[in-house]
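This is what each chain is made of:
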Amino acid sequence: MSFTLTTPSGFWNPLLWLLFLALFGIIAYLIYSRGNPSYKKNTEQAKPYLSGNPEPTKEKVQVKAGDIYWGFIEALKGYYKVLQAIHTGDMRDYILWYLGIGAIITFILIGGV
Amino acid sequence: MIEHLPALMIAVPLFGAFTAPLFKKHYKEVSIWAIIITGITVILSLLLAKEVVTGGIMVYVFGADKPTLVLPSGYSVPIRIMFEVDAMSAFMAISATLMSFIGALYSYSHVERETGLEKYYTLLMLLEVGILGMVLTGDLFNLFVFLEIAGIAGSALVGFRNYRGEASEAGIKYLIVSAVASLMVLFAIGILYGQYGNLNLAYIAKNVSFNMVDMIALGLLFTSFAMKCGAVPMHYWVPDAYTEVPAGINPPLLVATYASLYALFRVSFTLFANVVVDLARVGWIMSILGVLTMFIGVTMALVQKDIKRLMSYHAISQTGYMLLGVGVGLTVLHDPSKLAEFGRDAMAGGVFHIINHIIYKSLLLMTAGALFYVTGTRNLNEMGGLARKMPITAISFMVGAAAISGLPPFNGFASKLLIYETSYRLNPLLTVFAMVTSVLTLASFVKVFASAFLGPPLEKFESTREVPKPMVIAMIILAALCIIFGLFPNLVLDKLVYPAVDALINFAQYHSWGGLA
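From first to last, the protein sequence lines are chains A and B.
With the numbering used here applied, the first sequence covers 1 to 113.
With the numbering used here applied, the second sequence covers 1 to 517.
Bear in mind the hints are in silico, worked out from the structure with no lab data behind them.
Small disclaimer: the values here were computed from a predicted structure and weren't measured.
Hints should not be assumed to be uniformly reliable.
[What the hints assert, rightly or not] Partial list, computed: chain A residues near chain B (C-beta under 8 angstroms):
1) Phe-3
2) Pro-14
3) Ile-27
4) Lys-41
5) Gln-45
6) Gln-62
7) Ile-95
[To be verified] No farther apart than 30 angstroms at their CA atoms in a straight line, the calculated lysine-lysine pairs in the DSSO-like style are these:
8) Lys-47(A) - Lys-119(B)
9) Lys-47(A) - Lys-460(B)
10) Lys-77(A) - Lys-305(B)
11) Lys-460(B) - Lys-60(A)
12) Lys-40(A) - Lys-305(B)
[Claimed, not checked] What follows is a set of in silico ranges between Cβ atoms, one per label pair, in the way DEER data are often shown:
13) Glu-459(B) - Lys-81(A): 48 to 56 angstroms
14) Ala-46(A) - Val-446(B): 23 to 31 angstroms
15) Val-63(A) - Glu-112(B): 53 to 61 angstroms
16) Phe-62(B) - Pro-8(A): 56 to 64 angstroms
Each residue gets a CB set at the ideal place from its N, CA and C atoms; glycine is no exception.
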């Protein structure tokens, strides 16, 4: 059995890819091993520096899902306004979309376009 | 025994479903019973696939003196209920049985706190019967019957947690959508029966004359199956249903959705394959629906805060890849040079993506179910720091997320690569949308991973532990499949996917009742 998947424009061999991944892993480890050896886990070193202010509770520093990609969603506000308006959750709208798309597809198939 | 395999595929889960209520109030026993029955169907489907791949199309005529007797003496048209199993049907049957088994295994612990589990498992096995019937039948009316069985069982399972208002609402919505789609399918079947006096797929395909009424029937069938498989903009029921259904039912429900996709392919390729000019038009409609589905699905997923709803939108998005891959193949079906150059590979990408997606999306929905099981919430804003508490769930999630985003060497990559390369040949714009969708998919799963698993451990989850073993085993099996299918894509492509694609392309073979008529 061949491990190489031949595609119309090239090929894909996952084992070869893994070999490269291992090679890059070794290079990454070598760079990592040259890091600062004085770093100690679970000491004062590991605590965040907040200009002398006390560290907030874990719940407060947690980045919420709603905050992630805020900028992206804000930039596409207009697009999302339309998209979310379409998702009404109303069953009657579901059926209307079905009927509308059905009419368009049938129209195209019978040679209307 | 081998010649009765198509019938046994239906009979075994049907027997399991009808006997499950006998285990009332014996919840452990009914769970084990469902695992055994679905496990047997996995073995049967593998035997069936082996038989079909080696021996060609299998025909099973119910009630005939011999199961292979399509035309008894004196008959010129097939009249009995008939199953016709080609490699595409066998491929779908394996997906259905495997996911029903995984679903039953996961449910063993996941729904142990619920009541009425004998009904739950009865419905699960009935859902399996519906899916298997849809993919094995060679008869349009039976396709409708099994579509109804799957629709009713699926909607009852969506509303299974009826103490939640949202579950009941989602169940009713799914029921209505299924009923409307099924009725339109029945109407289209009526149109075809009125013209050709027969319900056999192969018989109608050989005689279809492609007049305006036929095209109306094709339009109705196409739209109904597109709605049932969650193509945009008829996808609205999917997030409701996938979010509310217990996570153990997500895998078979996904396959039920893709059984409709199978029906869409079967109608487009087998039933109307001889429409030389208009088939390219059907292919373009399918490809454009695919692009819309993948892009709108993923952008809607990005803004969700409910983990299962987010993943449900991804399920919609991934359906777009399958529609695009097979749509590209359908567009060039009657152009032999383009079909050989990229059409066949495009279809292989689309069909391969079906099984890949069933595996990793089931895995992801199960990890979401595991998070819900442990935290009691699906709101990502309320989760955090769970990676250390639930390491296997976290790793399973990472594998699933990498696979769905198309990262090498996981299974999603190989199928997406085929789709990218081949859709580019038809129109580069199609590929641009497909690749942007993959990037956005990865982005939204980074969001889930960061908010649910990373970050400081929250006090409220201090006593949290990993989910019970059956749930862990089900997740590990699927994660392992994501890796195996990714490392050895040729194994699946050569043994299952290309035979399935060739079965769709070589429609003349299907039309001749497997060479028996």
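Now for the hints, and whether the structure bears them out:
The beta carbon of Phe-3(A) is positioned within 8 angstroms of a beta carbon in chain B (closest approach about 7 angstroms), and the interface hint is therefore held. Annotation: Pro-14(A) was flagged as interfacial toward chain B, and the flag holds, the nearest CB pair being 4 angstroms apart, inside 8 angstroms. Nearest Cβ of chain B to the Cβ of Ile-27(A): about 18 angstroms, over the 8 angstroms cut. The hint is violated. For Lys-41(A), the interface hint is violated, since its Cβ never comes within 8 angstroms of a Cβ in chain B; the closest pair sits about 14 angstroms apart.
The beta carbon of Gln-45(A) is not positioned within 8 angstroms of any beta carbon in chain B (closest approach about 17 angstroms), and the interface hint is therefore violated. Because the closest C-beta pair between Gln-62(A) and chain B is about 4 angstroms apart, less than 8 angstroms, the hint holds. With 8 angstroms as the threshold, the beta carbon of Ile-95(A) comes within range of chain B, its nearest partner Cβ sitting at about 6 angstroms, so the hint holds. Of the supplied pair hints, the one linking Lys-47(A) and Lys-119(B) is violated, its CA atoms being roughly 54 angstroms apart against a limit of 30 angstroms.
Using a Cα cut-off of 30 angstroms, the hinted pair Lys-47(A) and Lys-460(B) holds, with the two alpha carbons roughly 22 angstroms apart. Taking the CA atoms of Lys-77(A) and Lys-305(B), the gap is about 17 angstroms. The hint holds against a cut of 30 angstroms. At roughly 13 angstroms between alpha-carbon atoms, Lys-460(B) and Lys-60(A) fall within 30 angstroms of each other, so this suggested pair holds. Proposed proximity of Lys-40(A) and Lys-305(B) is contradicted: the alpha carbons are some 37 angstroms apart, above 30 angstroms.
Between Glu-459(B) and Lys-81(A) the CB atoms are about 38 angstroms apart, so this pair departs from the stated range of 48 to 56 angstroms. A C-beta distance of roughly 24 angstroms is found between Ala-46(A) and Val-446(B), which places it inside the suggested range of 23 to 31 angstroms. Look at Val-63(A) against Glu-112(B): about 34 angstroms separates their beta carbons, and that is not inside 53 to 61 angstroms. Our hint of 56 to 64 angstroms for Phe-62(B) and Pro-8(A) is violated, since their Cβ atoms are close to 42 angstroms apart.
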